[in-house]
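Protein chains in written order, with this note's numbering: chain U, 9 to 88; chain V, 9 to 88; chain B, 612 to 834; chain H, 2 to 735.
Quick caveat, the hints were computed from the structure, so don't treat them as lab data. No experiment lies behind these values; they were computed from the predicted model shown. Keep in mind that a hint or two might mislead.
[As the list claims (entries may be wrong)] If you want the footprint, here are the derived chain B segments under chain H, 3+ residues with CB under 8 Å: (1) 623-629; (2) 662-675; (3) 717-729; (4) 733-747; (5) 814-828.
[Said to hold, decoys possible] Over 12 Å on every C-beta distance to chain V, these chain U residues come out as not near it, computed from the model: (6) 20; (7) 59; (8) 77; (9) 79.
Beta carbons: idealized from backbone N, C-alpha and C, even for Gly.
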Amino acid sequence: MKAVIRITLKNGVLDPQGKAIETALGQLGFSGVDDVRQGKLVELSLAETDPEKARQQLTQICEKLLANTVIENYDIELVS
Amino acid sequence: MKAVIRITLKNGVLDPQGKAIETALGQLGFSGVDDVRQGKLVELSLAETDPEKARQQLTQICEKLLANTVIENYDIELVS
Amino acid sequence: MSVAVIVFPGSNCDRDVAVCLAAALGEPPIMAWHGDHNLPKVDAIILPGGFSYGDYLRGGAIASKSPIMGEVIEAANRGVPVLGICNGFQILTESGLLPGVLMRNSGLKFICRDVALEVGNTDNAFLNAYQRGQHITMPIAHNEGNYFADADTLQRLEDEDRIVLRYAGGNPNGAQLNIAGIRNKAGNVIGMMPHPERLAEAVLGGEDGRGVFDSLVQTLGRS
Amino acid sequence: MSTEADTDNWKAMVAEHGLSEDEYDLIVGHMGRTPNLTELGVFSVMWSEHCSYKSSRKWLGTLLTSGDCVIQGPGENAGVIDIGDGQAAIFKMESHNHPSFIEPYQGAATGVGGIMRDVFTMGARPVANMNALRFGSPDHPKTRHLLAGVVSGIGGYGNCIGVPTVGGEVNFDASYNGNILVNAMCVGLATTDKIFYAKASGVGSPVVYVGSKTGRDGIHGATMASAEFDDDSDEKRPTVQVGDPFTEKLLLEACLELMASDAIIAIQDMGAAGLTSSSVEMASKGEVGILLDLDHVPCRETAMTAYEMLLSESQERMLMVLKPGRESEAEKIFTRWGLDFAVIGELTDSQRMVIKHQGEIVADMPLGPLADGAPLYDRPHVPTPPRAEIRSDDLIHPNSIAETLVTMLGLPDLASRRWVWEQYDHMVMGDTIARPGGDAALVRVHGTQKALAIATDVTPRYCYADPFEGGKQAVAETWRNITATGAQPLAITNCLNFGNPQRPEIMGQFVGCIQGMDAACRALNYPVISGNVSLYNETNGKGIHPTPAIGGVGLIDDYRSAIGAGLTEEGLDIYLVGDDGRHLGCSIYLRDILKAEDLGPPPSVDLDAELRNGNFVRAAIADRTICAAHDVSDGGLLVALAEMIMSGSVGATISVAPDAPFAFWFGEDQGRYLIAVKAGSDIAALAGKAGVAVQKIAQSLGRELTFADGVSISREDLGAQHEGWMPDFMGRPD
Ligand SMILES: Nc1ncnc2c1ncn2[C@@H]1O[C@H](COP(=O)(O)OP(=O)(O)O)[C@@H](O)[C@H]1O
Ligand SMILES: [Mg+2]
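If we strip away everything but chain U, and leave its shape as in the complex, we get (with noise of 0.2 Å):
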């Protein structure tokens, strides 16, 4: 079982790197661009075959190490 966590800021949560990139993007001459934030992802295969069963686990992986929800959300998606 394949998985994709995506893992965001916050929100409120200052984000120096979306800032930057925003900027960066602004003096390039794209136009119109806001909003910018910068997240992880993080791409996974699983021994584990029950979604369900899956699910848990990834939710324990996140909490546990990948996101660190003082600042953090996570989202995880199974895709196979």
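Assemble the complex: chain U is given as a structure, and chains V, B and H with the ligands must be docked to it using the hints.
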């Protein structure tokens, strides 16, 4: 118009961060986790409302700045 | 004889390089601001280390798109010697002046320490004071120094004798072929992860880095 | 407050703001009416322990804060000392303990960012950072994670901004399991005629906001820093600030650029309690009033309330008062650096802080009471009971000194910190003469022959056993570390980390440490010029070891005469300077090798001998009699000798076979140094004249440490043990 861009490492490019996550997960007792790859996620808003044009603009943005196409692939998703 | 040091927002070794250049050249270099569209006519260009644009997105990525880089690329194509140190090396790969990329260190940690290096091709403006095969020490200080390129590119770098510095006492960051520095095909553009400007004075722990600045003086003096 | 329920709600609100009922009544008295929520918020942060020092101020006032070199003592953003030639060193240390426990990377990073702003707000370019770190026991499940996060956060910020992190300390102890300590110090350089202060003046002068935009970051950080943790703290996870070192670098350059002109009247960074404390401090110091219109504050988020804007702790922001008419010149600079610039108010003559938002006055408070009206507490304190002496004869020692040494070199509190400082850029700026790993770091004053020597120290287990002696020792150890390089110690900063001051035994620790520090400062003519207090470092009623971290700064006129600790030459005579008192109490040997339950009293510091020995060593370094020197601290004499061997290139052969050898080699008596001198030097005669005890104990030789009985250990084996522990520990699975 909002968009999400996923930037992932090309196949065959070594991913030390993915590997580190994999090792850490093993150490934390999560078994059966494999092929961990870490990528980037960029969310943004565009003033452009035409999906076709938006996609064109985003492709340019990715080629010019967001992705280093020597090692990275990108994937554009328009979400609204 | 005039040398430009390009200053990006977040460059932080610009002064250190300028100090070494001033000592070697006998006059201070021109400090050129990233936002400028016209670079004065200079005999050599140095892109210093640091965290241009905070190293956000990828080290060197945003800086490589700044206005002055158009001028740097043009000068490089005209044959002006260009040296990128650390973040400057990253900017050179991001701008396409040098092949490959500098990825996150394999140990996933910032590393600051002296490393042993072996000098390769010295037929260029920044290394001709050294001998091929010479072992020298210079400090590294980076998060992203893990040189990566596809197999063909690596083969080409080897075949064309374009590897100018290799790690010689253990590979600190996972770089392929122990690459610490490379040059372009023409030989006028050099990128290196180590910081020669940090070990160019005995009181700071060694003088092995001074050769880079002495090389430049010799070259410019000759031409 | 119409109904009883409203009254109860309001009472709860007051309590939630960390104010006692008495304090609240005082506020109402000052206001002459019930404050509104915004005003309550402003009062609560200004009157928090963090901003008002209400429990500590009485005792801080007793410290020695003046001296020949002092240009500015405590009370400004950072202290300032004169280092000659019209140059000044500006420095301070500050804690970021609570945020770092909750989010180690960002907590530590923003701690570094904050202390650097304190220094450059005074007109100094930061030239060196230090960090004093305490973590829980190595076995505690969180220790590794916290240590890894803190170290990469410190590096992440300092490396990016391009200021070298040149030293610090790391300790482990179970008392920090639930309350780690992250104390960051910054040292900057300025010219004495270009120092900027926070005192505002000139009614009508514009109040200007520069730097990053304001978001809802860390609202109530200041009150959080003054509260105890309980088991729920993990879950509460208050908003943590995220640092942006890139923006700080731009802010630094922009501020220094503007400071080169004479447009600034006063400047103050927005640290804890953000806009509130910066504006209150500037206006109250100048005894003027201030009017702010929040509609002009650059905001990152929409619909921010006045309460949120005033209390936000968003990072990388500064507040300035400019000379009228100089706004556009300043704006040009900040805009060029890509930073926000906004005139958000002006000085008035009202001695009040008046806040407008969306056309209405939302707060109107008297400045005097806000800044200085918090009640000063003379909290009850009881002294720590003295402990009985420990006698070496009563202990059962291991068999082999050599094997014990090897074990000790790999103990968590003695092992090399290379794993830590290799993650810090310690060479950027091109002036680091003595890198981390030695006694004090040496940083050249750019473009001169002078160098600053910087060290941080405290031995919390000593402070816990005897706060007075521990306080003395912390100050003396920095003095000693600086002296060992050849530099003259000049002044200190400090960061006083303690538990809950409302408990008399904790307050007793605080008082004892302060008194001990002060005794040492006076004896060594080594004043305190800045500092910070972090209280309530406790979890479930258990406090940390008292930890008054000291950051000392010294000066050497010619860096070429500075020396290191490493033995680099054969045939040198190695002398112990100071007495061989054999004090085992509170030693690492007793705690970690003998695993003694009762550690006894710490070594006491004889301040007269300290001064005599140190001055002797410094003078002998200056006249080039001494080739290498190292102070004797944690682990005792033999550990110090091993460190001289490991950091150099040759070994040593020991020439003494003392009685009570374990106490001789591992006792932690104070005021001592190991020095290496050329064979046949007249050091013994010189010492005799100066009334300093010296004794030859070894000679530099070969590649081993060899004992008098012929047993030897190679440099490689010593080094492997010393360097091995930390990478191994950090690489172990959780
Ligand atoms: N957190 C840290 N950051 C940087 N350097 C550190 C840190 N901890 C320890 N060091 C360095 O390691 C060396 C040994 O530290 P320590 O044992 O505390 O020294 P001392 O006993 O001389 O005070 C010193 O040079 C110190 O600066
Ligand atoms: Mg020391």
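Okay, the hints, checked on the actual structure:
no., hint, result
1, 623-629, "holds (count 4)"
2, 662-675, "holds (count 5)"
3, 717-729, "holds (count 5)"
4, 733-747, "violated (count 0)"
5, 814-828, "holds (count 3)"
6, 20, "15 Å, holds"
7, 59, "14 Å, holds"
8, 77, "16 Å, holds"
9, 79, "15 Å, holds"
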